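Using the sequences plus the hints, can you model the full thing?
Taken in sequence, the protein lines are chains U and G.
Take 436 as the starting number for the first sequence in our numbering and just add one per residue.
Take 436 as the starting number for the second sequence in our numbering and just add one per residue.
Please note: incorrect hints may appear among the correct ones.
When chains are identical, the list treats them as one kind, so a pair holds in a single copy or across two.
[Claimed, not checked] Straight-line C-alpha distance at most 25 Å; calculated DMTMM-like pairs for lysine to aspartate or glutamate: (1) K558 with D626; (2) K558 with D512; (3) K558 with D458; (4) K558 with D622; (5) K558 with D508.
Simulated from the structure, these hints should not be mistaken for laboratory data.
All of these numbers come straight from a predicted model, not from anything done at the bench.
Listed here are the chains, written in short residue letters.
Protein chains: 2
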Amino acid sequence: MADKRGAGRDGYHHGDLRQAMIDAAEAVLAERGVGGFTLRECARRAGVSAAAPAHHFGNLAGLLTAVATLGFDGLSDAMDAAAARASATGGCRLAAICRAYLETALARPGRFRVVFGRRELDKEDPEMQRAGARAFGILVSETRAHRAGLAAPPPGPLPSETAKAPDFAEILLAWSVTHGFTTLLIDGQFDFLVGEDSGEDLLALFSQRLMHLLGAALAPDAALANRGHDG
Amino acid sequence: MADKRGAGRDGYHHGDLRQAMIDAAEAVLAERGVGGFTLRECARRAGVSAAAPAHHFGNLAGLLTAVATLGFDGLSDAMDAAAARASATGGCRLAAICRAYLETALARPGRFRVVFGRRELDKEDPEMQRAGARAFGILVSETRAHRAGLAAPPPGPLPSETAKAPDFAEILLAWSVTHGFTTLLIDGQFDFLVGEDSGEDLLALFSQRLMHLLGAALAPDAALANRGHDG
DNA sequence: TCCCTCATCTATACAGTGTCAAGTTGTTCC
DNA sequence: GGAACAACTTGACACTGTATAGATGAGGGA
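Rendered as structure tokens:
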């Protein structure tokens, strides 16, 4: 007999508390942000005592790690879809995944902040490691294919095995500019530069300039031109 | 009569609690990171009750805002010094300040994380607004001078008044790549790419590639070459 | 000299947090 | 049907940030 608490809740046992906690966590993150995130509040929304989640997640870090895993996979899914769309329309795949990275983070800032270290996570968790490796693998293979002038990355060995290739500096720079722009935008660091309402303009500007930047800095011959400057 | 609690502590009153709290905050940040930061722990180290700091900082956010102000000014000082050094040795000023940004963050990761939004700050605080505007002003003027082919930025109006200039996209990208690289490096997101001990190599690599990237993407003619790509 | 004022600090209390130990409930399997 | 076990509750603990009221000492005017 499901009472009004929601489907699956039929008395003492919840039914699917793990999923309910994750849903509640996402809702709390969306409403109150990372700073206002609380394990007890999530348990309250799932209609369960404060100690109940411990059986599924161990502790607070465990729940956040599950959210971070979702975040990584959300990034990967969005990047994959964007790359496929770009291939279909003849656009640049690398620019498309960078823009997808930014848009995904903008759609769920709280989740994105959980992924990128704003609170303690369990970095040994195998599921999260898999999701993280998958997301980074997309960045690696797409950057490499872009530099090689290929239409799309060929199927090959796992990215983590080939990550120490000599061109990983370009991969890091492509990721850095995307991640940096995303982080600064989400954290409102650009607010005193542009009005609140011009977020769309900023996004379009990013895409446009990013194209040029990627084209100029990550071209196949870029790694060979080694100038003698000093810092 | 100063007892063993420290200079200036002569009984009921502390003497310079404000500075002592800031020092304690920096120490706690260095030891335990942002996540382990606690107002009560700082008060404990300053040899003072938990409620004492309220009179100087209002609340926890007030103390963190003071630390963030220090962080902004630390960034500004390091960038100014690096730019002057670059001018003296004939190096690229923009690359020098980007590298200084990275090195300053690496030297005090906890302080850097406080500056960039890992915990609640008082964004209306005038001192912090001044420090933030100063740091960003350096980035703006140096990027603009770099793009104009000048040896150094000329004295002119306040950067905040001219920030909406048409070339602010390039300023944002230069900041983004530096900030993104810094954030990812500090948060250990590159750890599975490179070994723990090769931080120096990564820093050198960053400087070298950054030079090329800045040269290619932020050259004076870069803004004019507007290709018809679509995201 | 005394006393008054006021910023500074202490003591105490309160609601809220994460986590642990022990007990309760329901399911599943023999 | 009973046993074993996972899932959940209850109650407690140490800890947090913050509010309030009271204690302390420094400085200024008479």
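Structure-based check of each hint:
For the homomeric pair K558 and D626, the shortest alpha-carbon distance between copies (12 Å) is at most 25 Å, but the shortest distance inside one copy (32 Å) is not. When the C-alpha separation of K558 and D512 is checked against a cutoff of 25 Å, the pair qualifies only within one copy, where the shortest distance is 21 Å, while the shortest distance between copies is 35 Å. In the homo-oligomer, the alpha carbons of K558 and D458 lie at most 25 Å apart inside one protomer (21 Å), although the nearest pairing across protomers, at 31 Å, exceeds that limit. Taking the shortest Cα distances, K558 and D622 sit within 25 Å of each other both inside one copy (24 Å) and across copies (12 Å).
Taking the shortest Cα distances, K558 and D508 sit within 25 Å of each other inside one copy (16 Å), while across copies they are farther apart (33 Å).
Hint compliance for this structure: no hint is broken.
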